[in-house]
Each structure stands twice: as structure tokens, then as C-alpha cells.
Amino acid sequence: MRGMMKGVIMMMGCNSGGVKGEGKVNFGKLRYSFLESLVKIGEGFQEIFGVFGSAVGDVLGFSVVKSGDKRSKVGEHFENLGKGLKSTKDKLNELKVEISKAKNADGSTIKIVEDAIQGANEVFAQLIDNLSKLAGVTNDSSLLGDTAVNSNAAGAEEASVNAIIERVKAIVEVAKRSGIEIKSGNAGAEVAGGGATAPASLVGKANSAVPDANSGPKLADEVSKADPWAMIDKIKNTKAKTGNVAASNANETGALAAGTGVDNAGAKSNADLAAAVALKAITKGGKLSAAANEDGAVKAAAVSATNKILGVLNVIIGETVSSSLDKIREAVKGIKYFGTDKTEAGQSDATQSVVAK
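Under UniProt numbering, the first residue of the sequence shown carries the number 1, and numbering increases by one thereafter.
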């Protein structure tokens, strides 16, 4: 399991790299001020993001939703991330204006900073757009992981599933263009079909029949061992498919999320199954199915699957933001100033980026 990047934490040394001498501008202090502003911008985003910090973490410990929450809780999460990015973007623009007004600065080095901020803002704008659209499609007021007890499962709304798939894929592409490595993870083995197997609680059985006993706990077990990165990989590479799923182990994420159950329906991989649980859990119309006294296990599977994909998306977005802020930091460190005698002021080398992986 790959670690979670926790954000960019700027650490300032005591030496500001200032120019000594009576009556001269302390250019090192000015540069320090810009870097300090960038630190505050990064810290502000960390607070809104919720998962950033100095400690090493892991997506498996990440939690946004719990049993009993509505699907709209997921929408609120995406909305809050978008707001955090918007605030960060606005503050970067304010910093850009401040830096552009710097006196006695080499214009070419200022231009590098301005370009870095512009590049970051373009990345943020794309993320904000995709998060806004994800928030719009995950704002349903019904229960997350809606589960029918002793009743049939139902496929999630096709258009909504495809909308989520499209936006997840777009966020991944933005991250890749920013130089972030996105691994495919370990998809795991096929999951066999049958009345008492995990897929029966996900898609149901033929003729709207109820899954057999023990299918619910088996679904929870499959989700618990699923690789979150493989789940995201499956989501971004699938497409919703309505109608009857196949009575085989060939079913992929999109069909399992939006399709109708048949007897002996299995899954192509553990990741396909778990990703479909997440999509069905957060999407309008999706309904899981449980035998008597097994709804708790099925709902737990839905919550776990949802938190896994949200955790990975947070890591991807967080690493993308961290990368953009780090590029700005390096550009700010490169600003050159000239004193009144036209000699170049010294640069501070006391600032470093600490990134926890």
C-alpha cells in the first residue's frame, strides 16, 4: 500500500539571508515574507482538506462517512474540497500581486514565480470543476449503502455512475499531468458467484430473489481486503452497463454497479467487486441486498468501500496540490534582488520542503 502524501510543510531557518548594512533593504527578509505567506496558504488548505498533517498516514485509516450517513455526506466532502481549493487559489492570486510589486527585483525571476502561480491555478481550476460535478452527482438524500433486507438489490442510476467515472478519471489525468504517479494497485483474484457469495449481496439473484445466508459477511470480507488504488483504477477504466449481469466471473465494475442480478454472477476481480460496492453505495438508485440479520455487514461493506475510494482521491488531489505549491516555493526562492549599488543580494538557503510519504 502506498503512503499518503501529507502536504507541503515549509520549515524556515533562522538565517533569513538578509543583506547587512545600514540603510539597505533586507532582501532576504522580503523573500522570507513571501515564503511565509506561501506557508500560510498551504497550512490553510491543510486545515480545510482534513487529511493533511505532519504525521505519516495511510488511506486505509481515512474516514469520511459512517454507517447511517446519507449519500449527500459524500457530496459535502467533495464540495468542501472544492471550497478549500478555491480559497487556496484566491490566496495565491493575492500573493502573485504582492510579489509582482516587489522592488529592486529581477523581472525575469518574478516572471518565473508568476508563471508557477498561474500553472498552479490552472491545475486547481480543473480540480475545482471536477469536484463540483462530483458533489452534484453525490448529493442524494437517501442512505449511503442503502440495503434491502430480504428484498432485491437494484442497480445504480446509469447516468450518475458514468458521471462519477468521468470525473474520477479527469482528476487522475490532472494529477498525471502534474507529474504525480498513479499506480494501478493489486486487483486481486476473481470472485465466484453463487447464492451465498459476496456478489449476491451486491447485485442480487435472478427473479429478484434474496441472497442466501452468509453472503453479507462475505461481501464485507471482500471489501476489507480490496486495494483502494486498484479500486480507483477499475473505476476510471469502466463504464456503467445496465441490464442483466453475466452469470459468470467476467463482470466488471460498471456492470456490477448498474446491472441487474442473475444467479451465479461473479466478479472479474476483487477490486471490480469492491469498486462497484462503492459506486452503488454513493449513487442514486443503487441498492444492496441482505439476507436476514446481515444488513449490518452489508452496510459496513458499503461504508468501507466508500471511504477507500475517497481516501485515494484525497491522496491524489493532495499530492497534486503539494506538487504545485512546491514549484511555487522553488520559484520564490529563486527571486533575485539588487541593491542600490546594483550588486545582487544574497539568497536564503534556509527554507526547505518536508514531504511525508
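Check the hints yourself; a few may be wrong.
Below 25 Å or equal to it, Euclidean Cα-Cα: the simulated BS3-like pairs (lysine-lysine) are [as the list claims (entries may be wrong)]:
#, residue 1, residue 2
1, Lys236, Lys225
2, Lys103, Lys86
3, Lys73, Lys336
4, Lys133, Lys336
5, Lys169, Lys83
6, Lys86, Lys101
7, Lys89, Lys333
8, Lys70, Lys336
9, Lys336, Lys284
10, Lys66, Lys96
11, Lys183, Lys169
12, Lys91, Lys66
13, Lys333, Lys284
14, Lys284, Lys73
15, Lys103, Lys287
16, Lys239, Lys103
17, Lys239, Lys284
18, Lys239, Lys169
19, Lys169, Lys284
20, Lys284, Lys101
21, Lys333, Lys183
22, Lys89, Lys225
23, Lys91, Lys284
24, Lys169, Lys287
25, Lys66, Lys327
26, Lys133, Lys73
27, Lys169, Lys101
28, Lys103, Lys176
29, Lys70, Lys111
30, Lys89, Lys239
31, Lys133, Lys176
32, Lys225, Lys83
33, Lys101, Lys111
34, Lys133, Lys169
35, Lys287, Lys91
36, Lys183, Lys327
It is worth saying that the hints were derived from the structure and are not from the lab.
Owing to the predicted nature of the structure, the values given are computational and were not obtained by experimental measurement.
ask   = Which hints, by number, does the structure contradict?
value = 2, 3, 4, 8, 9, 10, 12, 13, 15, 16, 20, 21, 22, 23, 25, 27, 28, 29, 30, 32 and 35
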